[in-house]
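Asks: The primary structure of each chain is shown beneath.
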Amino acid sequence: MLSRLLPHPMLTAILAIAWCLLVNEIKLGTVVFGVMLGLLIPIATAAYWPDRPPVAKPVKLVGYLVMVMWDILVANVVVAMIVLFKSNKNMRPAWVVIPLELRTPEAITMLAGTITLTPGTVSADVSEDGKALLVHALDAENPDEVRDDIKQRYERRLKEIFE
Amino acid sequence: MSDLPLIPEIIISALLIVGGFFTLVGSIGLIKLDNCMSRLHAPTKASTLGVGSLLMAAMIYSFASETGSLHEVLVMAFLFVTAPITGHLIAKVNLHRLHQTKDMPPAPSDHVWGTYSEK
Amino acid sequence: MILIALNIAFAAVSISQLLAMLRLLKGPNTGDRILALDTMVVNAIALIILLGIRLGTDIYFESAMIFAMLGFVSTVAIARFVLRGDIIE
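Residue numbers (the UniProt record's numbering), protein chains in the order written: chain A, 1 to 163; chain B, 1 to 119; chain C, 1 to 89.
By construction, these hints were calculated from the structure, which means they are not laboratory data.
Fair warning: there could be bad hints in the mix.
Covered by chain B, according to a simulated footprint, are these stretches of chain C (three or more residues, beta-carbon under 8 angstroms) [said to hold, decoys possible]:
(1) 8-17
(2) 21-35
(3) 38-44
(4) 49-59
(5) 70-78
Pair by pair, the computed Cβ-Cβ distance ranges are [what the hints assert, rightly or not]:
(6) A:27 with C:15: 41 to 47 angstroms
(7) A:63 with C:18: 25 to 31 angstroms
(8) A:44 with B:5: 46 to 52 angstroms
(9) C:85 with B:5: 56 to 62 angstroms
(10) C:21 with A:35: 43 to 49 angstroms
(11) C:85 with A:60: 17 to 23 angstroms
(12) C:73 with B:68: 29 to 35 angstroms
(13) B:68 with C:28: 28 to 34 angstroms
(14) C:83 with A:36: 20 to 26 angstroms
(15) B:112 with A:32: 50 to 56 angstroms
(16) C:83 with A:58: 32 to 38 angstroms
The structure displayed is predicted, hence computed values, not measured ones.
Note that beta-carbon positions come from the ideal geometry of N, C-alpha and C, so glycine has one too.
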């Protein structure tokens, strides 16, 4: 019963918060209307996404997001230095293949997004069977190191969170 | 422009300059780098952070000068969520156009990369 | 002090807008042109926000939001068109 009324609790919360931010004031009326939208929209769109995205440990997800934000800051300084002070001749772009241990599509999407936003790497493609990611690195001396770093730092944590 | 206390003023100015700098770096990278996959790196990262920090400055300014507003967070979250997706789609366009450049590794175990899939 | 910082930011974002436009004109292949357009949208959002701070109003926020959404959707639409020859399948 509860799962019929509240198919996606996270989505409900996000919609309510987004509505309050859009109106840009916190009054009782705004919050109530936001919660109403948050209840109605997931029910109306439930047919389009039948599976609940499984988040096993939401607390760890917050920790992960904070870590990724810090990495984004560091990544930007690193990329800025490479772009400004390294000549095109000395740059070593490389392709890196990352074999995936993650299986759920949500976790793989998170990993690909994280890779794009962090140091000198962009995720370009996923293999047909969903078992490997193709990543482009802007300046990699040693592609294997990039691969191990991503597997150690991000994939391990995402595996704990989602599976 | 209203007068503000010194500390918020310093923070806002610093954020504005940092934001402008990163936006500029993103576009310099777009012009300078010499192959189309490398060019993808600068704008997806630097420009997003640049705009993020400008939005942060706008938010702190609104808190320091008047009632304060939080809705800049919405644009910031939206940009950060969409940046990887645009990056990924443009990478796919590049792969599609260049078609299996010679230095690109094949996908493991007899499969092809999703862009070249026939399914 | 904010005024000086604001002017520097205006100059930096305007220059980056011009550089992105240069890449749009030059851009050897389609991917580069789409990327340049996307960067121009992001820079336009930055300019709108700076204008909002400069004039001290909140009104420009809505246009920044709409730019962010339309920019993303149009980038995805162009990319899908190049990839599939069709936008809505």
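Asks: State for each hint whether it applies.
Replies: Hint check:
1. For the segment 8-17 of chain C, the stated coverage by chain B is satisfied: 9 residues place a CB nearer than 8 angstroms to a CB of that chain, which reaches the threshold of 3.
2. Residues of the segment 21-35 of chain C lying with their CB closer than 8 angstroms to a CB of chain B number 9, which satisfies the three-residue condition for coverage.
3. By the rule of at least three residues with a Cβ nearer than 8 angstroms to a Cβ of chain B, the coverage given for the segment 38-44 of chain C holds, with 4 such residues.
4. Under a criterion of three residues with beta carbons nearer than 8 angstroms to beta carbons of chain B, the stated coverage of the segment 49-59 of chain C is upheld, 7 such residues being counted.
5. Counting residues of the segment 70-78 of chain C whose beta-carbon sits less than 8 angstroms from any beta-carbon of chain B gives 3, enough to reach three: the coverage restraint holds.
6. The hinted range of 41 to 47 angstroms is satisfied by residue 27 of chain A and residue 15 of chain C, whose Cβ atoms lie roughly 43 angstroms apart.
7. A beta carbon spacing of about 41 angstroms between residue 63 of chain A and residue 18 of chain C contradicts the range 25 to 31 angstroms that was offered as a hint.
8. Checked against the hint of 46 to 52 angstroms, the pair residue 44 of chain A and residue 5 of chain B passes, with Cβ atoms roughly 47 angstroms apart.
9. In this structure, residue 85 of chain C and residue 5 of chain B meet the distance hint of 56 to 62 angstroms, their C-beta atoms being roughly 58 angstroms apart.
10. With their beta carbons about 44 angstroms apart, residue 21 of chain C and residue 35 of chain A fall inside the hinted range of 43 to 49 angstroms.
11. At roughly 42 angstroms, the beta-carbon separation of residue 85 of chain C and residue 60 of chain A lies outside the given 17 to 23 angstroms, and the hint is violated.
12. Judged by the Cβ atoms, the range 29 to 35 angstroms given for residue 73 of chain C and residue 68 of chain B holds: they are separated by roughly 30 angstroms.
13. Taken as a hint, the range 28 to 34 angstroms is violated for the pair residue 68 of chain B and residue 28 of chain C, whose Cβ atoms sit roughly 47 angstroms apart.
14. About 39 angstroms separates the C-beta atoms of residue 83 of chain C and residue 36 of chain A, a value inconsistent with the hinted range of 20 to 26 angstroms.
15. Distance hint check for residue 112 of chain B and residue 32 of chain A: the Cβ-Cβ separation is about 52 angstroms, which falls inside the suggested range of 50 to 56 angstroms.
16. Between residue 83 of chain C and residue 58 of chain A the CB atoms are about 35 angstroms apart, so this pair conforms to the stated range of 32 to 38 angstroms.
Violation of the numbered hints given earlier is confined to hints 7, 11, 13, 14; the remaining hints are satisfied by the structure.
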